[in-house]
Amino acid sequence: MKFKTIESRDGQPNATSSRSTRFLGLCLALGVPILVLFAFVFSPKDDTMDDAVRLLYVHVPVAIFSYIAFGVTAMGSIFYLWKQSRWWDTTAHASAEIGVIFCGLTLVTGSIWGRPTWNTWWEWGDVRLVTTLVMFLMFIGYLALRQVPATPHVRAKRAAIVGIVGTINIPIVNRSVEWWENSTLHQQSSLTDGNLEDLTLFTWFLGTLIFALAYVWLMIHRFRVGWLSSEHDALGYGAAIEERKAEAGIDTEAQAQASEDGGPQ
Amino acid sequence: MTHLGYLIAGWAFGIGVPALYAVLVLRRGRKLSEVVPSDRQRWISSTEDQARIKDE
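Keeping their order, the protein sequence lines are chains A and B. Residue numbers for the first sequence follow this note's numbering, so the first one is 374 and each next one is one higher. Residue numbers for the second sequence follow this note's numbering, so the first one is -14 and each next one is one higher.
Isolated chain B (complex conformation) (with noise of 0.2 Å):
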């Protein structure tokens, strides 16, 4: 196979970029659902997991 070290160099920045912000941003959000109270939290589940949530 030819020019093998870009090929290698672009891929790894085209999956390994957006799966190192993937995990950024996985992170920032259960950071920030500590602190927010769950009460204001309506916006992070989906209508299958809405439906799940039960009156304390």
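Only chain A is shown next, with the shape it has when bound in the complex (with noise of 0.2 Å):
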């Protein structure tokens, strides 16, 4: 059975795109300048931070989906070397890299609000930064890792081992400002202690739910990506070894027909 390609309107192939990912597409699209209208007019100023807060609403959930994605990684590590699936392998890659740009901009955007509010972009002996630091290019190494030439299944293996170490890391960084709190400018977290006005916090949650919608479309367009890519290098393997044997005058017909015949090989 052969399949078509689904078609756009425009005749162009809608590559990773479904009724799925453009029903999400188009709730970020709506939903992002809702968040900004929230987070820069409707919500008020912090007494402590002032206008400062403004900036948490991004910062808190990348940061929260920097752990969902690197936990999704370990996740599809421990499944891929229990299961040898592909399709595990694939879902770790995919979310370790989503991981690894909101982790990034955790780091970033902390750094940002870090500046008016403490006076400084970045302090080494603050174990949140360092952890989160630390975090982070563990698994720009594990992205590295999966650049190393290896066969598919090595490159998979050696990828989920330290997918699934580098995860330890996600309670070191999350409960580091309790374990040392003397040794961190960073505050604990402000969502449980009931301090917060009310549309802070539903702006809180917003920010959060923009950011789910945007892992959730982006882990499913680079799921496919990451599919389409090993197809690609499947099909490359393939062409490569029958090309290596035309090289070597190897005929793969002949030889098949001679082995059914139980004449030599």
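Don't take every hint at face value.
Restraint ranges, calculated between C-beta atoms of paired labels, are given here [what the hints assert, rightly or not]:
no., chain 1, residue 1, chain 2, residue 2, range
1, A, Q457, B, G1, 37 to 45 Å
2, B, I(-7), A, V538, 33 to 41 Å
3, B, G1, A, A619, 47 to 55 Å
4, B, V20, A, L572, 48 to 56 Å
5, A, T421, B, V20, 51 to 59 Å
6, A, L582, B, M(-14), 20 to 28 Å
7, A, A607, B, L(-11), 46 to 54 Å
Where chain A lies over chain B, by a calculated footprint (3+ residues, C-beta under 8 Å) [unchecked claim]:
no., stretch
8, 0 to 7
9, 10 to 23
One-sided excerpt, in silico: chain B residues whose CB lies under 7 Å from chain A [claimed, not checked]:
no., residue
10, H(-12)
11, L(-8)
12, G(-5)
Since the hints were derived computationally from the structure, they do not count as laboratory data. Since the model is a prediction, treat every value here as computed from it, not as a measurement. Just so it is clear, CB atoms sit at the ideal spot from N, CA and C, and this is done for glycine as well.
Grab the two chains, each in its own frame, and use the hints to assemble them into the complex.
In structure tokens, the structure reads:
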């Protein structure tokens, strides 16, 4: 059975998009301006942070979804080692790449927030900042490892081990402000102390929802790109093997026929 | 509004970087889907879209 690709109205292949991703994309296109409106217009300024609190509507959601993305990478890695399934390896890889983007944004937006709030862009003695940087670098290493030439299984296995080890850092990053509270400028969770105004809390949750949609949208597309990429690589390997055989003068069809006839190989 | 420059920079990164990444992922997907045969693209469409795929 042969399949046709799905074509959009302009005749171009739809590539990695589908009805569900278009719906998610529409929700995001509507949701981001609403979030900006709540963050800059409707939500109040903070007594201590002043207007800098408006940066946290981006910083906190990207931090949360970097943890989630790396958690999904660990889950995909464990399932890959267990099931040896390309589906799980592709999932782990896609989520790690998105996690690196979100973790990098956590560091950048945190630094931009820190300058007016703490009067410094970066503090090397701060455990939350340094452990987050270590987590970011570990997953940069994960992505770099995936570029090292190897067979797909060996590459996936190596990456899975790094993916699992890297995720051990998540609880350390998350709990660092409590475990080493004298070694950090970073505040503890504001969500649990119950002192937030209603609109502040609502904008925070709206930001988290928008970044959840963004994570899911990116994940679906990046997974499909990963799948296409491995199909492309597989085709490349197949073509390269045939080419080498042709160069060496090995006739695969004649060889198969001889094998069936019981003749010499 | 105080700290306006920091706010603009933070939000520009927060929205701009994922948007740029999304564009790159879409472009890469489009390029790959042109070179991978359609019968090997079974993960690229949703269940609803799969139902619309017809036999050639």
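The hints, checked one at a time:
1. Judged by the Cβ atoms, the range 37 to 45 Å given for Q457/A and G1/B holds: they are separated by roughly 39 Å.
2. Taken as a hint, the range 33 to 41 Å holds for the pair I(-7)/B and V538/A, whose Cβ atoms sit roughly 38 Å apart.
3. Between G1/B and A619/A, the C-beta spacing of about 49 Å keeps the proposed range 47 to 55 Å intact.
4. Checked against the given bound of 48 to 56 Å, the beta carbons of V20/B and L572/A, roughly 50 Å apart, stay inside it.
5. A hinted range of 51 to 59 Å holds for the C-beta pair T421/A and V20/B, which are about 55 Å apart.
6. Distance hint for L582/A and M(-14)/B: a CB-CB separation of about 24 Å, consistent with the stated range 20 to 28 Å.
7. The given range of 46 to 54 Å is respected by A607/A and L(-11)/B, whose C-beta atoms sit roughly 51 Å from each other.
8. By the rule of at least three residues with a Cβ nearer than 8 Å to a Cβ of chain A, the coverage given for the stretch 0 to 7 of chain B holds, with 5 such residues.
9. Only residues whose beta carbon comes within less than 8 Å of a beta carbon in chain A count, and the stretch 10 to 23 of chain B has 12; three or more means the coverage holds.
10. For H(-12)/B, the shortest C-beta to C-beta distance to chain A is roughly 5 Å, which falls under 7 Å, so the interface hint holds.
11. The interface hint given for L(-8)/B holds, since its Cβ lies 6 Å from the closest Cβ of chain A, which is under the 7 Å cut-off.
12. For G(-5)/B, the interface hint holds, since its Cβ comes within 7 Å of a Cβ in chain A; the closest pair sits about 4 Å apart.
Going down the numbered hints, you'll see the structure goes against none, and every one checks out.
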